[in-house]
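Undergrad: Chain by chain, the residues:
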Amino acid sequence: MMKTKWIWVLALLAITMMTWRAPAQSAGAGPAAMSVAPSAAAVNTGDNAWVLISSALVMLMTIPGLAFFYGGLVRRKNVLSILMQCFMLMCLISLQWILFGYSLSFGPDLHGWIGSLHWAGLQHVSFDTPHWDPVTASSYAGTIPHQTFMIFQMMFAVITPGLILGAFAERMKFSAFCVFSLLWATVVYDPVCHWVWGKGGFLGKLGALDFAGGTVVHINAGIAALVAALVLGPRLGYPQRMSPPHNLPFAVLGAALLWFGWFGFNAGSALSASGLATSAFVVTHTAAAAAGLTWAVMDWLFNKRPTLLGVISGAVGGLVAITPAAGFVNVLGAIGIGLGAGILPWIFVSLVKPKLGYDDALDAFGVHGVGGTWGAIATGLWATKAVNPAGADGLFYGNPTQLLIQLKAVGVTLVYALVVSFVLLKLVDLVLGLRAEPQAEKIGLDLTDHRETGYTMLD
Amino acid sequence: MKYIVAIIQPDRLEEVMQRLEEKEIHLVTVTTVMGRGRQKGIAEVYRSHKEAGTLLKKIKLEIAVNDDFVQPTLAAIIEGGRTGQVGDGKIFVLNLDECIRIRTGETGGPAIG
Numbered sequence: 048m049m050k051t052k053w054i055w056v057l058a059l060l061a062i063t064m065m066t067w068r069a070p071a072q073s074a075g076a077g078p079a080a081m082s083v084a085p086s087a088a089a090v091n092t093g094d095n096a097w098v099l100i101s102s103a104l105v106m107l108m109t110i111p112g113l114a115f116f117y118g119g120l121v122r123r124k125n126v127l128s129i130l131m132q133c134f135m136l137m138c139l140i141s142l143q144w145i146l147f148g149y150s151l152s153f154g155p156d157l158h159g160w161i162g163s164l165h166w167a168g169l170q171h172v173s174f175d176t177p178h179w180d181p182v183t184a185s186s187y188a189g190t191i192p193h194q195t196f197m198i199f200q201m202m203f204a205v206i207t208p209g210l211i212l213g214a215f216a217e218r219m220k221f222s223a224f225c226v227f228s229l230l231w232a233t234v235v236y237d238p239v240c241h242w243v244w245g246k247g248g249f250l251g252k253l254g255a256l257d258f259a260g261g262t263v264v265h266i267n268a269g270i271a272a273l274v275a276a277l278v279l280g281p282r283l284g285y286p287q288r289m290s291p292p293h294n295l296p297f298a299v300l301g302a303a304l305l306w307f308g309w310f311g312f313n314a315g316s317a318l319s320a321s322g323l324a325t326s327a328f329v330v331t332h333t334a335a336a337a338a339g340l341t342w343a344v345m346d347w348l349f350n351k352r353p354t355l356l357g358v359i360s361g362a363v364g365g366l367v368a369i370t371p372a373a374g375f376v377n378v379l380g381a382i383g384i385g386l387g388a389g390i391l392p393w394i395f396v397s398l399v400k401p402k403l404g405y406d407d408a409l410d411a412f413g414v415h416g417v418g419g420t421w422g423a424i425a426t427g428l429w430a431t432k433a434v435n436p437a438g439a440d441g442l443f444y445g446n447p448t449q450l451l452i453q454l455k456a457v458g459v460t461l462v463y464a465l466v467v468s469f470v471l472l473k474l475v476d477l478v479l480g481l482r483a484e485p486q487a488e489k490i491g492l493d494l495t496d497h498r499e500t501g502y503t504m505l506d
Numbered sequence: 006m007k008y009i010v011a012i013i014q015p016d017r018l019e020e021v022m023q024r025l026e027e028k029e030i031h032l033v034t035v036t037t038v039m040g041r042g043r044q045k046g047i048a049e050v051y052r053s054h055k056e057a058g059t060l061l062k063k064i065k066l067e068i069a070v071n072d073d074f075v076q077p078t079l080a081a082i083i084e085g086g087r088t089g090q091v092g093d094g095k096i097f098v099l100n101l102d103e104c105i106r107i108r109t110g111e112t113g114g115p116a117i118g
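Line order of the protein sequences matches chains A and B. The first sequence begins at 48 in my numbering and counts up one residue at a time. The second sequence begins at 6 in my numbering and counts up one residue at a time.
No lab work stands behind these hints: they were computed from the structure. Using N, Cα and C, we set each Cβ at its ideal position, and we do this for glycine too. Be a bit skeptical, because a hint or two may be false.
To be verified - In silico DSBU-like pairs for lysine-lysine, Cα to Cα no more than 30 Å straight-line:
#1 B:K65 with A:K489
#2 A:K351 with B:K45
#3 B:K62 with A:K489
#4 B:K95 with B:K62
#5 A:K489 with B:K63
#6 A:K351 with B:K62
#7 A:K246 with A:K455
#8 A:K489 with B:K55
#9 A:K402 with B:K55
#10 A:K402 with B:K45
#11 B:K55 with A:K351
Claimed, not checked - One side of the interface only, derived from the structure: several residues of chain A facing chain B at Cβ under 7 Å:
#12 P291
#13 N350
#14 L356
#15 V396
#16 S397
When you get a sec, could you build the whole thing from the sequences and use the hints?
TA: Written out as structure tokens, the structure is:
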């Protein structure tokens, strides 16, 4: 038994050695052939510095931001399972992205639906010259190296399946989690990312506005979260016999890190150290503040007291909602979006979820699905070309068509994420089984899935 | 020998400890516990979900004493612990069969002191 395991390790090493040589062989066939492609001289050091830092900020959102936000909200016996899932996603999806995910998402377009595998293993993805698309004669980001754009986008690909895990927390088998996340990233995230942001993607061509990932990241993950909560079923004892969050200070720490990292997420999405980045930074902060305050007021009005969990949930909801709008709205719009993001997710989490009875454990759908959908629609309301001439005017600025386009993008993403997430979950359930054994769920996944515990009882 | 178990309010601990000290009772084991009496508890609310658990934080004192020290110990706990409000706690007095000092092997009364 031991020997077979070592044979597997050696086989893996051998495969790695072989693939190692592949990019080197084809390095000569790079984008150099294009006549108008930008050269290394086009790289703006300020832009490059900002987007690299933004990439690191978005990385921080998954670990430790999201990990501690979610980790603090579960019971003591499952804290490590959450941190482990977040950390493992960073490892797993980063490699997926390098090997083929980036190419599927942003690679040369195939009929508006998906990128080709031309950039697999980062072939033709330069680290010192910007990207150039000869078909549309344009670039994803003309002043930063192509690999800077790639690594920035990687962090988005990592956090998106991370958001989903809030829905099935405390009851999904780790093996099933790994397989599902990898499949979901490949079959749901990568195509939807291509539709909206990829050169030639059909939703982008339609004119749908999604500055930093309201549709691609939050609606996508939010819907998958709802489906996962329904397919897996509620946790044992839900809703009567559930313990409260085991460490609210962890959740606050995580939420604050998310807020901090979100400046990279949204202002970084300007892909330059420009005025647009400043505007995105300001409206992002404004919406988070407005939504955190609004949730506290909602709590005060309806539950007699403002809660800390409420303020941080509201702030995160506000950040989610401003994400698609960050590069298109002014501060007035940001306050409006923040208000909606404090009220709508509150209604879903407080009233709709208990009524319907599904166990979205950490409200991944309630906050990201609902907040994301609100944000995408609100972009169609408050967007103005005064902020971003490359964008569009929304309903409040005399262009009702934009609202329809936004709704269409939401609808398409919603249906696709819903159907494909459902199929993937059923598939993994069939092959591996999604749920931990009832006994394991009672003992806690830290011990049963990882043979570790977060807290010792004795020194 | 008696084994005295007292449940008191967390904010009365220092006062009780001081009174015990004054009466030369130095041996005490303290734990934080969750409990509920007639006072009931305060239900927590998370994202509008009201928790069923209604337990409050309490302090549990455990003191083993020789018979001469029973009354002073009870007096110290009552003096230090009483606020006059519901929830001040309770004292339980149990008979103690044996006590052994691990270091020396002494048993009974001398082992407690």
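Undergrad: Each of the hints needs a verdict: does it hold here or not?
TA: These are the hints, each one checked on the structure:
no.: 1; hint: B:K65 with A:K489; result: holds (29 Å)
no.: 2; hint: A:K351 with B:K45; result: holds (19 Å)
no.: 3; hint: B:K62 with A:K489; result: holds (25 Å)
no.: 4; hint: B:K95 with B:K62; result: holds (14 Å)
no.: 5; hint: A:K489 with B:K63; result: holds (27 Å)
no.: 6; hint: A:K351 with B:K62; result: holds (22 Å)
no.: 7; hint: A:K246 with A:K455; result: holds (19 Å)
no.: 8; hint: A:K489 with B:K55; result: holds (22 Å)
no.: 9; hint: A:K402 with B:K55; result: holds (14 Å)
no.: 10; hint: A:K402 with B:K45; result: holds (28 Å)
no.: 11; hint: B:K55 with A:K351; result: holds (12 Å)
no.: 12; hint: P291; result: holds (5 Å)
no.: 13; hint: N350; result: holds (5 Å)
no.: 14; hint: L356; result: holds (6 Å)
no.: 15; hint: V396; result: holds (5 Å)
no.: 16; hint: S397; result: holds (3 Å)
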